[in-house]
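Participant: Chain residues, written in single-letter form:
Protein chains: 2
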Amino acid sequence: MDWKRRRTLSSGAVKRVAIVGGTHGNETNGVHLAKHFMRNPQLVKRSSFETEVILSNVAAIKQNTRYVEEDLNRCYLLADLQSEEKSKSSLERKRAREVDAVLGPKASESPRCDLVIDLHNTTAATGVALLMAPDDEFAHEIGHHLSTLDDSVRIVEWNDQPDWPLCPSVGRSGLTFEVGACPWGCLEPELFQRSRRLVSALLDYVDKHNALIANGKREEVTMKVYRSIGVSIDYPRSPDGDPVGHVHPELQGRDFKQLRDGDPLFMTFDGEEEKFDRKALKVPEKYDSVYALFVNEAAYYEKKVALMLMSCGEAKFSKLA
Amino acid sequence: MDWKRRRTLSSGAVKRVAIVGGTHGNETNGVHLAKHFMRNPQLVKRSSFETEVILSNVAAIKQNTRYVEEDLNRCYLLADLQSEEKSKSSLERKRAREVDAVLGPKASESPRCDLVIDLHNTTAATGVALLMAPDDEFAHEIGHHLSTLDDSVRIVEWNDQPDWPLCPSVGRSGLTFEVGACPWGCLEPELFQRSRRLVSALLDYVDKHNALIANGKREEVTMKVYRSIGVSIDYPRSPDGDPVGHVHPELQGRDFKQLRDGDPLFMTFDGEEEKFDRKALKVPEKYDSVYALFVNEAAYYEKKVALMLMSCGEAKFSKLA
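Chains A and B, in that order, give the protein sequences. Be aware that the first sequence starts at 1, since it is given in the UniProt record's numbering, and climbs by one per residue. Be aware that the second sequence starts at 1, since it is given in the UniProt record's numbering, and climbs by one per residue.
Keep in mind the hints are simulated off the structure, nothing from the lab. Each hint can be trusted.
Cross-link-like lysine-lysine pairs, in silico, BS3-like; alpha carbons within 30 Å at most:
#	chain 1	residue 1	chain 2	residue 2
1	A	Lys62	B	Lys62
2	B	Lys304	A	Lys62
3	A	Lys88	B	Lys62
4	A	Lys62	B	Lys88
5	A	Lys62	B	Lys94
6	A	Lys86	B	Lys62
7	A	Lys94	B	Lys62
8	A	Lys304	B	Lys62
9	A	Lys62	B	Lys86
10	A	Lys62	B	Lys303
11	A	Lys257	A	Lys275
12	A	Lys303	B	Lys62
Covered stretches of chain B, going by a simulated chain A footprint (3 or more residues, C-beta under 8 Å):
#	stretch
13	22-35
14	183-189
15	239-253
16	289-299
The beta carbon of each residue, even a glycine, is placed where N, CA and C say it ideally should be.
The task is simple: from the sequences and hints, build the whole structure.
Facilitator: So, in structure tokens, the structure goes:
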């Protein structure tokens, strides 16, 4: 599959946008924002394209749990979607196929949806982190626009693998709204309202984009982006796997903070400090500066991730003007 | 049962204290604080009494969920514990009997534990709210002592029913540490450390109390307490039961805030404000002033509770000096 060729181009028309809630069933802000749009379809209707709103992991939403059998947002690799055996192996694998059929399918070079917006929440204090593929130009220009509207919007390039298992990857282009800090099962008032406004502004932007196509004039944009460097750090644990320390109080709630050698990282339950140490954590030397992301995300305890490290750089791209 | 006669008196010796974690399996701070004490028993050992640490809902802890079949912290009514049929009706009912046998039993006038400390967390911004029975003198004096050590400690009289279904009620005296805001599944650094210090100070206090008994000198104490008035308020909901509004951003995170007619209470998803209205909410006239508690607790969506109302008053009691 030539993933790049499949993308919505920054010069192309957007015919259909999908808004997805409940890929994780306990990320309540996103679930209820999607339901709000389903109840009030005029809010997401725009003249130049269609908008569809779906709930993805309905079983997990019902149980107010992240997933029932496995993480749905790791089920969208093309090879997995195409494997008959794999697709029958869990409730989420089955659902991934259904969602893929509606939004993609991923195997198609002309998927149904040109843009997939997946609404997530996190217990980490990410603000509004927009996760996207590094080669997804259209997602970048949307991210750039939203970042001009709200200081808490940050752009995160999630990874540079050719295929990736997250929901937005089944459409042409897509992005994950990762909004926090928000506890599981909770509507967090400020973040809910901010997400609602930003999704609405996103749809307006796509509408405007479609109108600018005939014109064809372009402008260059430079934007700050955070990039996953593939290094994550686990909590201090006892031999039986239980955590015996937590994130350091000075790091808690400080997503996107730069981490330097000697910075406080964890605190043992007894109050002993553990410091950040690039060498011990095998941070590749080529990254001069590294930044924390998903600090103390509840769902990542089981993934053995207390935080991930990002680099920060610039993305350059052009957009219709 | 003469509940009052069963209590640990403010003049009596404490021979055994129980610390309970995981009555709700996803209240992670409390679970890991209890495990920390189990790993390091010297931290909770005092010379004048025994301390036992137990995990109550082990199945729910394993699943990182509040409960498996029903809320364990509603399973400790004496009549329910004594009913053969009821005790077999859920995993939690069975476990309640086991916990009761270890800490109580409740049917006994001389239960094993003189004081039961149950470690909870909440997504509401309660700080450290100590929940206790209005007639539990010893719990009150402990609460008073802890409130002198930490400004975020508040005393809450939970209800005035003769019997109550919460875990601490199976021992003589007891209190619930309700600590928040803390997301489900998360170790919240500041609150974890604060809880650890306060539990330690509590044990020191009990130790000192035991030493003062021979002396017998007493002093009078007056303390501010919040009291449940039995009124709770549900989220705005659609006819199908889904919330269509959240706590107002000005109320979010403001537990113990006084609510006056016209104060912002909810916001609909579209951003419309709903105001607090005593009459519409049937707040009894005898309560001049009312205060919010458990504002936006994730577990209470299913209980149809967005917040509870409290009155505020004074408790007077005497303690050994």
